[in-house]
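Q: Listed below are the residues making up each chain.
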Amino acid sequence: MAKELWKGNEAVAEAAIRAGCRYFFGYPITPQNEIPEYFARHMPEHDGVFLQAESEVAAINMAYGAAGSGARVMTSSSSPGISLKQEGISYIAGAELPVVIVNMMRGGPGLGSIAPGQSDYFQATRGGGNGDYRTVVLAPATIQEMTDLTQEAFDIADLYRIPVLVLADGMIGQMMEAVEWKKPKARKLPAKGWATDGTKGKREHNIINSLFIDPKDCTQHNQNLQKKHDLITQNEIRFEEYLTDDAEVLFVAYGTTARICQSAAIKLREAGVKAGVFRPISLWPYPEKELYLCANRGCVKTVVCAEMSMGQMIDDVKIALNGSKPVRFIGSGGGTFPTSAELMAAAHTALEGV
Amino acid sequence: MIHEIILSGFGGQGIMAMGKMLAEAGMQEGLSVNWLPSYGPEVRGGTANCSVMLSSEPIVSPIVLEPTEIIVMNKPSLLRFEPELVSGGIAFINSSIIEIPATRRDINAFYVPCLDIASELGNPRAANMVMLGAYIEVTQCLHQKTVEKMLTHLFTGAKAGLVALNKEALRRGAACILRAAC
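Line order of the protein sequences matches chains A and X. Numbering follows the numbering used here, in which position 214 of the first sequence is assigned residue number 242; successive positions increment by one, without gaps. Numbering follows the numbering used here, in which position 41 of the second sequence is assigned residue number 170; successive positions increment by one, without gaps.
Among the hints, erroneous ones may be present.
Said to hold, decoys possible - Quick list of the computed label-pair ranges, beta carbon to beta carbon:
1. A/A369 to X/R173: 44 to 50 angstroms
2. X/S248 to A/K210: 42 to 48 angstroms
3. X/L283 to A/G226: 45 to 51 angstroms
4. A/E269 to X/N237: 36 to 42 angstroms
5. X/G174 to A/G221: 56 to 62 angstroms
Hints in this document: simulated from the structure, not taken from any laboratory. Backbone N, C-alpha and C define an ideal beta-carbon position, used for all residues, glycine too.
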C-alpha cells in the first residue's frame with residue numbers, strides 16, 4: 029500500500045477507527061487536541077459516537093460504560109488529564125473491561141508544561157489508581173509504530189479484558205511521518221458473553237462490577253487477575269534492539285528518547301565508540317529478561333538509561349539488570365529532552381567510569 | 130543525502146503549509162521524511178516555525194538542532210535561526226521584508242523577494258510557494274514537478290483556480306535563483 033503523510037494525533041484516531049472503535053469520549057488538552065478533533069469529524073462517517081464530556085472523569089466513566097456494553101472504545105488525554113482518569117482506570121481494570129487509553133505525555137508535575145515529556149512512566153506502569161491492577165502499556169517511537177500498536181491495542185484489550193495504554197509524548201502527537209496502513213496479526217478473540225448488552229429475555233443478567241463485599245471473593249478475584257497478568261507477561265513483551273550486537277555502551281530508552289539515542293549511537297560509532305540501543309516497546313509487561321540478556325550476552329560494559337524525565341524507567345532497568353552492569357541515568361524533565369550531544373557525553377563518561 | 134530544514138516566519142505566512150509540502154513531496158519521491166511543528170503558547174502575529182527532514186536513509190531522531198538549511202520569512206526568524214545553521218549551510222531569506230543581510234561568513238545566503246513576486250502574481254499569500262520554488266531550485270532535493278502535481282490534488286473544487294497561481298509562484302521562485310546565478 030502507498031505511504032501517506034499523517035500527523036501523530038490524527039493517525040492514532042484513524043488507527044482506532046480502523047480497529048473498529050466506534051465510541052470516543054474525551055476532554056480537550058494540549059498536546060493531543062487533534063485526537064478528539066479527528067474523531068469529531070470522522071466518527072459520524074462510521075456511525076460512531078464522538079462525545080466531548082464535561083470532564084476527564086466523566087469521559088473515562090463513559091468509556092467504562094461503553095466497554096461494559098461490549099463496544100470498542102477509546103479515550104485520550106495528556107498527563108494532567110490522565111491523572112484525573114486514574115480512578116476510572118482502576119475501576120475498569122477491576123471490572124475487567126477492554127478500554128484503549130492514549131496519553132500524549134507532557135511536562136509535569138501538576139499542570140507542568142505543554143511540551144513533550146515522559147514523566148508519567150511510574151503512573152502508567154505502577155498504576156495511578158488503587159489496588160493490585162495492571163494496564164498493558166505500549167510505547168511507540170514512530171507514527172508508523174503508533175498506528176500498528178493502536179490497532180493491536182484493541183485486540184489485546186479484548187483478549188485479556190484489560191485496559192491498554194498507548195503511551196506517547198507530545199512530540200509524537202504533533203509530528204508528521206509516513207504511514208503505511210497495515211492490519212495487526214489476526215488473533216482469535218473470545219466472544220463478549222460478559223457484556224451488558226441486553227438479555228433479550230434469553231439469559232441471566234450480566235453484572236459488571238469491581239466491588240466484592242466478601243473479602244474472600246475479592247482475594248479470589250485478585251488471584252484471577254494475577255493469573256491474567258502472568259499470562260500477559262508471558263505473551264505480550266515487545267522490544268527492539270538497535271546496533272546491539274557488538275555494543276560496549278548500551279542505551280536503554282523508549283519512545284522519542286530512544287530515537288535520539290539511536291542518533292547518538294550512530295554518531296558515537298562514527299567516533300569509534302561501539303554504542304547500541306535497547307528499546308522497550310511494552311513498558312508493562314517490561315522486557316526484563318530480554319534486557320538482561322542483551323546487556324550480558326556480548327561486550328556491553330556499561331548501561332545508560334535515558335528519559336525525558338528525572339529518572340523513572342531506570343528503576344525497571346535496575347531490576348532487569350539485577351546489579352550485573354553499572355547503570356547511569358541521563359534525562360531532563362518538565363518538557364525538554366536530552367540532546368544527542370548530551371547522550372554522547374554521557375556514554376563517554378559511563379565508559380570512562382568502568 | 131539528508132536535508133534538515135527549519136522554516137520560520139509570522140503566523141499566516143504559510144510556514145507550516147510550506148513544510149508539509151516539502152515533507153509530502155519528499156515522501157512521494159521515496160525519501161524518509163519528518164515534519165515537526167513548534168507548538169506552544171503561541172500568539173497571533175508571533176513567530177511560528179517547523180522543521181522538516183528529508184533523507185535517503187531511515188530517519189532516527191526527529192529533532193533538528195543544527196539545520197542544513199533555514200527558510201526565514203521574517204526578521205526575528207533570521208536573528209533566531211542563523212546562529213543555529215550548520216557551517217556551510219544555506220539561508221533562504223525573504224528579502225521583501227527582511228532588510229538586513231545574513232552575517233555569518235561560513236554560510237550561503239539566497240535573498241528571495243518572495244512577497245514582491247507573489248504580489249506581482251496577484252496574491253501575496255503565495256509568497257511561501259515562491260520561496261519553496263527557490264529552495265528546490267538551489268538544493269535540487271526534489272523535482273519541482275512532484276510539488277506541481279501535488280498542487281492539483283491539494284486545490285480542488287472552488288479552490289482549483291489556485292493551482293495555476295501556485296505553479297507560477299514555484300516557477301518564479303526558481304527563476305529568481307537562476308537569474309541571480311547568471
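Q: Compare the structure with each hint and give your call.
A: Evaluated hints:
1. The hint said 44 to 50 angstroms for the Cβ distance between A/A369 and X/R173, and at roughly 35 angstroms that hint is violated.
2. Distance hint check for X/S248 and A/K210: the Cβ-Cβ separation is about 46 angstroms, which falls inside the suggested range of 42 to 48 angstroms.
3. At about 47 angstroms, the CB distance of X/L283 to A/G226 agrees with the hint of 45 to 51 angstroms.
4. Under the hint 36 to 42 angstroms, the C-beta atoms of A/E269 and X/N237, about 40 angstroms apart, fit the expected range.
5. Checked against the hint of 56 to 62 angstroms, the C-beta distance between X/G174 and A/G221 comes to roughly 59 angstroms, which is consistent with it.
Going through the hint list in order, the structure does not satisfy hint 1, though it satisfies all others.
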